[in-house]
Amino acid sequence: GAAPEEDTAGGEGATDFLPCIVSDFGGFDDKSFNQLSMEGVQEAADELGGEFKQVESNAETDYAPNLENLVAQGCNLITGVGFALAPATIENANANPDIDFVLVDDAGDADGDGQTDADNLKPLLYDTAQAAFLAGYLSAGYSESGKVGTFGGQEFPTVTIFMDGFKQGVDYYNEEKGADVQVVGWDGSTGTFTGGFEAGPEAKTAAQNIIDQGVDVLLPVGGPIYQSALQAIKEADRDIALIGADADLFETDPSTADVVLTSILKNMHLSTYEATMSSANGEFDATPYIGTLENDGVGLADLHDFADKVDQGLLDEVAALEESIIAGDVTVESYLG
Amino acid sequence: MKLELRGITKRFGALTANDHIDLAIEPGEIHCLLGENGAGKSTLMNVLYGLYQADEGDIAIDGEVRSFAGPGDAMAAGIGMVHQHFMLIPVFTVAENVMLGHEQTRVGGRLDLAAARAKVREISDRFGFHVDPDAVVEDLPVGVQQRVEIIKALSRDAEVLVFDEPTAVLTPQETDELMATMRQLKAAGTSIVFITHKLREVREVADRITVIRLGKVVGEAEPTATNAELASLMVGRAVELTVHKEPPTLGDVALSVDSLTVTDEFGTVVVDDVSFQVRGGEVLAIAGVQGNGQTELTEALVGLQERVAGSARLNGRELIGRDVRAILDDGVGFVPEDRSVDGLVKEFSIAENLMLDRSFGEPFVSRGSVKPRVLAEFAREKIDEFDIRTQGPEQAAGRLSGGNQQKVVLARELSRELSLFIAAQPTRGVDVGSIEFIHKRIIETRDSGIPVIVISTELDEAAALADRIMVMYRGKVVGIVGGDASRDELGLMMAGERPGTTDGGTEA
Amino acid sequence: MTSAETAVPQPSRWHRALQQITTGGAAIAVLSMVLAMLAGSILIAITDPEVQAAAGYFFARPVDTFAAIWDAVSGAYIALFQGAVYNPHAATFAGQIKPLTESLKFATPLIAAGLGVGLAFRAGLFNIGGQGQMLMAAAAAGYVGAYMNLPVGLHLVLAVAAGIAGGAIWAGIAGYLKARTGAHEVILTIMLNNIAFYLLAWMLATQGILQAPGSNNPKTAPMEPTALLPQLLGESFNLHAGFLIALAAVAFTWWLLERSSLGFRLRAVGENPHAARVAGIDVSRSYVIVMLIAGGLVGIAGVSQVLGTVPTGFGGDIDAGMGFDAITVALLGRSTPLGILGAGILFGAFKAGGFSMQAAEQVPNEVVLVVQALIVLFIAAPPLVRAIFRLPDPAGPRRRKQNGKTKEVAR
Amino acid sequence: MTAVAEPVVSGAQRRVTIVSWKVPVIYAVVTVLFALLPLFAPRSGAATFRLVRSAEAAIQIPDVVLPANPTAWVCVVLMAAAAVFAVLRTRASQPTPLWTTVAFTIVLLIGFLAWAAAGSTLPMIGLLVGSLALATPLIFGALGGVIGERVGVVNIAIEGQLLAGAFSAAFVGSITGTPWLGLLAAMIAGLLVGLVLAVFAITYFVNQIIVGVVLNGLVAGLTTFFFSTMMADNTETLNSPELFRVISVPLLSEIPIIGPVLFQQTIVTYLMYAVVAIVWYGLYRTRWGLRLRAVGEHPQAADTVGINVARTRYLNVMLAGAIAGMGGAFYTLVSNPQFGREMTGGAGYIALAALIFGKWDPIRATLAALLFGFATNLQGVFSVIGSPVPSQFMLMLPYVVTLFAVAGLVGRSRPPAASGQPYIKE
Ligand SMILES: Nc1ncnc2c1ncn2[C@@H]1O[C@H](COP(=O)(O)OP(=O)(O)OP(=O)(O)O)[C@@H](O)[C@H]1O
Ligand SMILES: Nc1ncnc2c1ncn2[C@@H]1O[C@H](COP(=O)(O)OP(=O)(O)OP(=O)(O)O)[C@@H](O)[C@H]1O
Ligand SMILES: [Mg+2]
Ligand SMILES: [Mg+2]
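In order, the protein sequence lines correspond to chains X, V, U and E.
Number 298 in the working numbering belongs to position 304 of the first sequence; there are no gaps in the numbering.
Number 358 in the working numbering belongs to position 210 of the second sequence; there are no gaps in the numbering.
Number 107 in the working numbering belongs to position 45 of the third sequence; there are no gaps in the numbering.
Number 361 in the working numbering belongs to position 323 of the fourth sequence; there are no gaps in the numbering.
In short, the hints are calculated from the structure, not lab data.
Be a bit skeptical, because a hint or two may be false.
What the hints assert, rightly or not - The calculated SDA-like cross-link candidates involving lysine to any residue, where the alpha carbons are at most 25 Å apart (straight line), are: (1) E:K463 - V:V239; (2) X:K228 - E:L219; (3) E:K60 - V:R455; (4) X:K228 - E:T216; (5) V:K624 - E:I56; (6) V:K494 - U:R321; (7) V:K494 - E:Q459; (8) E:K463 - V:Q201.
As the list claims (entries may be wrong) - So these bits of chain X aren't anywhere near chain E, every CB distance computed over 12 Å: (9) Y267; (10) D290; (11) K303; (12) A321.
Don't be surprised by glycine CBs; every beta carbon is placed ideally from N, CA and C.
Full structure from sequences and hints, please.
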């Protein structure tokens, strides 16, 4: 390439607003909530024409030092990803009232009084159960074998909220249609977990065990483990549809295109982007954000290639169901209330 | 072939183990190397065998200087060695051990075990050994292991064979057989270097004798030299070769063993209904070929065996069923047979080894803490008293020569208040100077009225120390004879023949 | 034997002093760090965006690339130093030395767990179970600390004791099974690690055990203030009394190994169980005892984590991989208490510095892991370091064969 | 030991039989524990054991349907009978034959499966296939460990070798487009980790355990570093290798049950069979194995017969690394075509446990790994067919099973004598 001119003054960018983000132990390449949250911050930083700092954690003990070091680096807004970062983020928020803090997936309410514990801390929560409910209903309608499956990485609420919503959606379908579609892998209180979030043989055998029960829709919840599920589906000798979690798998991982029925979207990049922009514009507002179907914080992804494989009537029902949930006619239960 | 070592020097750090040693081995001779422990004999032979690299000096074969990068080269040059510490893989069979390093294979890289077996049998038959090629080495008695070592060396058609203390673990018969073998080999033209601490053997087979002291050749001797001459040449002073002891002043029966039976983990009865008594102030030697239950018998007495029936009362108190510590605390002193495994913690200092079985209280420990000053003082005292050659009490015991290691164990066991003293193979592999000292201490212990049990496969030793000798065979007592029993009689008993005319007095 | 030893004349005092400096432990340690950091520089340089940009036109203006590399590498290591030892840019003196106290904070669990691993080593056992022991210690200390109401003082003492007991019992299970059945402690401790992991996960997900009341997350409630390890240097520093406990543990372990009769027996068993048994030492019991003590020491690491470092409540990976770091710390410290103290502080410093390196220069965390691993390898192999820097061998002529010079010296 | 004359004191040494109550006690305890299940947690319905993979299988075997509780009770009775038999044998001072234990275990397993799978279908093929898949990397790792330790070098670095293998396989497999080169790269990566282990352990006498643990950290650091700086953003080009295809062995794969489990696999699994067989054969039947074991048992003795100890150790530690590296390839060339950070998740340590469990023997280590794989997948299947036990306890199962197996049945195991000992020559 050609060498740039010696003095490119002001190449640093148009703003000195410095947004920063700390991951939890999953790291920013988890194809899941760390990555999505980071993308939102990145997008905002790009738009502002400035830099941003990202810091990964490997374990629980890393959160506090990572946050403290970012404070020392002069960050203007710091996003902590994951419920595990809550205590450290609250503490740093209270210690640094001049800095804006964002906390993903946790209410930031350690003292349990129903209020966020710091004035400059904005919790971002996602009622993914609502979207998963739709996915459950869709799956139940789509399933020909009468069995749909799901499994998770570890039994965390942010994981089981998907499985819960999914199950409720299937149950609702059964109720409405007098059908008897079964959910394999989660019974509402316990189910199948791989024990971790690696796409290793454990995740793949978990998927296979569920497939062996005759399901034709599979929802893996937990970052990269969907890859193992995808592989198990490819090796199965029949058609099984995959449902993505967090991002639209069709977009983020095109190799899933043939099998992905839809994805349960948890639009973290949107909310972190918005929080970052509002902070940069001096409009930061610490009221908790709860992503719902209504505000597009969560949702069901486009069916892409599957659009014509699914009965239009079913799609209409799902659309109607979405309206009912938004209207409050159908309630989806989750720990977010 | 004629082998010459010219000006060999070998240093270990600051220590010069071999100091310009010259040695020539003529074809077809048996050349004995004599020297006290640590004189440098094994080191010299290891240099010859390519295991160590000499710092200076040359090795010449038939006048031509050769250099050996490793034992492989030495073997290729026709040198074989039977090592002081067996160089056998314990978990391998005899045939596997013999073939190791020059294996023949068949299709598919499969080891030709049949050929190896045949080779073992052939050599075995040639020299009248009885060795099963499929026996696993660790299950074999040491005497047989020794033969495996010899077969190993012979299987490579060595022209010069080095035997480094091969007789330390053999019975008299086995020793005689080995010496016959050596003569046979010599007759066939093989030269032999023979290292031993036993002067009787030297005079029996040697054609020439070279004596080494402190890493240097101090002289040559003729096989006709007397024991005393050889001993003083080795040690550099006059050595008393016979133990002076007064007739025993017998006390009451102190140890009374009754129908003692020990079973090993596979169900073999290794000590079978053994009964005997020992009085205060006498030495009972237990003789027998190794592996006939002597070791297990003494171990049972100190609580180291698990499946024991019968009784053993020491001054009226039952020993069987109590744990080792209680028995030791009762004043039983025990010198185990294998000092490097059971007797010492080699990484520990001499001082620490001296308190090994007294770590529970006074004099070295109070309120859970070791008293380092008391211990150091004690160690210095014992180093003086037992003439332990060392740089100081802090030296690691594993760095001492074998004889000195043995003295550490003896010093530890003899400096407690004793009610019974049991020593297994107290002088195995120890040089004449140290043997003199150890024997003197054992007799002193007896003379202070303490009952003493000595296990020895060495008839000379048994005869020198014992007031009575009990011979064991296959776990049973063959008989108990007086300390003056003849070698022949003992030899027969050790083979299981009941003595014709004995009255050692089991009733004593 | 003795007379032969005087053969080689001693070199002059100065020569020896010089030799000691260039070949001694400190020099090797420093040079090991230099080597490891050089290797780390490569990783730093290749990830740095400026370097990548400048390398794009390397042939047009190579100086830029080198300048960028220099900037990236020096920036990273300066950040490392400033995060681990001393930060000249801080406003106050307290702020300037805060990094050092952070390093000591991170060193605390490593020292304690290192002692647990090292002690077991000295008694002949390979304790891979630090993870499980830490987790169970954290669970016990966390339960007492978060969910019991006790008076000031007593609460802390009880929480610490519970943690130590938790670690001790978990390790004791391995010791007991080994003593009783002869099973290999490596398998036992690995299995117990995983069992502890899931057991803790279950407790954290269960109301009434460890899960914070009213919460769904697998996390405990914050510790009660009465159960917290006091901050040693006031509010502005994170260094807590866990460090003092770790120092006390160093002193205790030193006494145990070097001075106590129990430690004497444990070491005897470790070096030669056969001889120990013949000397009346109960080998099986030693295994149980040493695992209990080792587990208790590792337990201190767990306690310091939950009652000091992360007082706000903890989740399932509170061990943070330190059970395995502890093995390295223990062995790098040659399983001696003081060595472990030093190795623990070194590792703590790297941890602290690693955070600042990542935050300030965006150097990935893994670079620190790599540098750390390399340092350990180099420190453990002085001859390699000496060979690389062409330093003289202190053992000198010992290993040199057929050397003309030594010939003359030896008359 | 030749006797000079015929011995007079009785001929052979007396033998008695050592009576050990271990077996009957274990039988009894296990029987009682198992009986608690149908007694206190009776399950209604029948358990269906499905013995074919899918409806299209060439040879169809009908499902086996067993009523849950009655089957469990029948099994309890059979087990109790075995326990009584063992007691009688022991009373008569005779050992309990091995087949009883095998039968006892099978009955226990059937009873337990029937009880646990009440009202559901248990896909036996899936259970076994999954077990094998979970065990495969462990087997490679354990074999690498066996070779290392048998030659006298403790190989704690199995975890690092697996991880390096998985990474290299994914990377090279992606850029070259062929899994074969990926496999080769995995072997080379494992070999290189082995080489570093060898350099430090053999040449510089560094404590082998330190080197192993440190190498695990080093490999984890390096692979994560390159994963997040290079691969994560270029998944298509750098991190999506083509997987090995499943090859059905003609005829063999048609055998009911065994066929689909063992002979519808990828080349990596077939290589695993081959490596197990070769390592076993090589270790006990060839010059290579004889020398390797000699060096691991008594290096000095090996030296005295002209075997170059350091060389033997170097070569075999590298070979061990290459084998463990192949296990790493399983992750990214068979299981799932993508590398992820620290994706081996401690499998190397489980492999280490398996090789000790298997007493440093390739076949037994393989069986230990299979047991572990089976226990892992059993919990997986149970969690799927609906088990009332919390997931955390289910996930604990394989470790608990191993713990009991080691403590209860295996007991003392003796490593190669010189394992862990550097050989220092003067
Ligand atoms: N590997 C070694 N490292 C250091 N020093 C050694 C080593 N081997 C032997 N030595 C030293 O060399 C000296 C000679 O030892 P060597 O084994 O040759 O004695 P030896 O004459 O065979 O004695 P023994 O009769 O006890 O077998 C010993 O005093 C010892 O200190
Ligand atoms: N690593 C070492 N460093 C220093 N000296 C050693 C070392 N290894 C062995 N030695 C010395 O080598 C000599 C011979 O050792 P060896 O093991 O042959 O003794 P031993 O055979 O047990 O005793 P003995 O010679 O009485 O049979 C001893 O003097 C011992 O101190
Ligand atoms: Mg010798
Ligand atoms: Mg000797």
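Quick rundown of the hints versus the structure:
Among the hinted pairs, E:K463 with V:V239 is consistent with the structure: their alpha-carbon atoms are about 23 Å apart, no more than 25 Å. For the proposed pair X:K228 and E:L219, the alpha carbon gap of about 23 Å is at most 25 Å, so the pair holds. Taken as a hint, the E:K60 and V:R455 pair is honoured in the structure, with Cα atoms around 16 Å apart against an allowance of 25 Å. A C-alpha spacing of about 19 Å is found between X:K228 and E:T216, which places the hinted pair at or below 25 Å, so the restraint holds.
Between V:K624 and E:I56 the alpha-carbon distance is near 20 Å, which keeps this suggested pair within the 25 Å criterion. Restraint check for V:K494 and U:R321: satisfied, since their Cα atoms lie roughly 19 Å apart, inside the 25 Å limit. Simply put, V:K494 and E:Q459 have alpha-carbon atoms about 15 Å apart, close enough for the 25 Å limit, and the pair holds. Under the criterion of a C-alpha separation no larger than 25 Å, the hint pairing E:K463 with V:Q201 is consistent with the structure, at around 10 Å.
With a cut of 12 Å on Cβ distances, X:Y267 stays outside the contact zone with chain E, its closest approach being about 19 Å. The claim that X:D290 is not at the interface with chain E holds, since no C-beta of that chain comes within 12 Å of its own (minimum 27 Å). With a least beta-carbon separation of about 22 Å from chain E, X:K303 lies farther than 12 Å from that chain, consistent with its non-interface assignment. At roughly 35 Å, the least C-beta separation between X:A321 and chain E is larger than 12 Å, which holds for a residue marked as non-interface.
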